[in-house]
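Chemist: Residue numbers (the working numbering), protein chains in the order written: chain A, 1 to 191; chain B, 1 to 148.
Calculated directly from the structure, the hints in this document are not laboratory data. All C-beta atoms, glycine included, are put in the ideal place defined by N, C-alpha and C. Please note that a few of the clues may not be correct.
These stretches of chain B come out as covered by chain A in the derived footprint (C-beta under 8 angstroms, 3 or more residues) [claimed, not checked]:
(1) 13–20
(2) 30–38
(3) 72–83
List time: in silico EDC-like cross-link candidates among lysine to aspartate or glutamate, alpha-carbon distance up to 20 angstroms [said to hold, decoys possible]:
(4) B:LYS84 with B:GLU66
(5) A:LYS91 with A:ASP156
(6) A:LYS175 with B:ASP40
(7) B:LYS84 with A:GLU27
(8) A:LYS91 with A:GLU38
(9) A:LYS91 with A:ASP128
(10) B:LYS84 with A:ASP23
(11) B:LYS84 with A:GLU31
(12) B:LYS84 with A:GLU67
(13) B:LYS84 with B:GLU71
(14) A:LYS91 with A:GLU55
(15) A:LYS175 with B:ASP8
(16) A:LYS91 with A:ASP50
(17) A:LYS175 with B:GLU71
(18) A:LYS91 with A:GLU56
(19) B:LYS84 with A:ASP70
(20) A:LYS175 with B:ASP47
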Amino acid sequence: MVTASSRKVQFVDARDLYRRLVDGQAEAFEEFYRQHLEPLIRTVRRLVGDREVAEEIAQDAFRILLERLDTLDPEGNIKAWLFRVALNLAKNWLRRQSVDQRHSPVVLEIESSRRGADDRLQLQRAIDQLSLSHREIVLLVYEAGFSIEEAAAALDITPPAARQRLSRARAILRKLLNDSNDNQGKNEATS
Amino acid sequence: MTLATCLDDDVLQDYLDEILPPAERAHVAAHLDQCSFCQDRTAQYGDLFDRLVAGLGQSDGTVNVEAALAEIRQTPEYRRAFGKPEPEPVPPWYRRLYEGTPAPWGAVALTVGAVTLALGWKWWRGRHAGLESVLSDALSDSPTPEAV
């Protein structure tokens with residue numbers, strides 16, 4: 001689990017990495033890329049429900065980062081900036097696809113996996129029922145491991161607003177999961 | 001025991017997420033030591049937290065980062081950002097004939113070809129000098145259109 005102190009260490013390291021990155025060091029970019037590609041793809045995939053699309057969006061986000069490198073602030077949070085770009089690209093993609101019944105590919109992947117995945121399937125279904133803004137913050141915090149401050153920067157909102165949004169999303173999730181458990185219990189009782 | 005001022009849901013969840021400031025965290029911990037109601041709620045919320053962490057945030061190991069990185073290194077954005085030279089444009093076919101050979105060899109081959117042709121022409125003229133004179137005579141003695 002990421003603790004507050006380990007986050008602080010990561011932040012200090014990240015600051016140095018951002019400086020080298022904005023300074024135009026290819027090695028810094030590649031280190032940054034290696035650190036964030038996978039969480040970025042996972043987060044976007046849970047939003048768009050398609051792995052290939054998520055990979056394309058992640059790659060596009062990195063290309064935009066490269067284009068804007070000289071305009072970025074090394075004292076800012078470039079990771080949050082990158083995720084914001086990727087989330088915007090994902091939302092544009094969703095808009096173009098007019099997909100509101102999201103994630104069916106992800107659900108299928110989970111359904112086809114081994115036993116014991118019921119919990120994850122239930123969780124995924126509950127997340128799918130969240131609104132886009134709630135899903136974004138849940139995924140940023142729990143999928144990509146963002147702190148509240150980083151998630152706020154990625155979503156372009158204040159940290160208190162991010163905290164409130166996350167709380168609301170968790171409350172809805174708790175309710176959805178409880179309802180789901182109750183239904184499961186009833187089904188088992190009737191069968 | 002239940003305390004009159006029980007903890008807010010969000011505070012409990014933030015406590016589990018370890019995102020509370022140290023002072024507030026200590027206050028929550030102190031409350032939890034005494035309040036069984038909040039202990040039960042913490043266990044319940046902790047279950048959600050565990051499910052979120054277990055269900056999300058796990059690498060599935062299917063992303064080939066190095067392959068993706070190799071792909072992005074080829075993009076114009078990467079080259080421009082880090083001052084890498086643009087790839088050479090594809091040369092026309094006649095240049096590609098000499099591609100990979102040391103530069104003078106193309107010129108040497110052309111020169112040798114030209115010299116061989118010239119020498120061959122000179123040799124052929126020498127050998128067929130008689131024929132050439134007959135031909136030139138024939139051409140010079142040929143009747144003009146008016147004579148015909």
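Chemist: Hint by hint, which ones does the structure fall short of?
Modeler: 2 and 17
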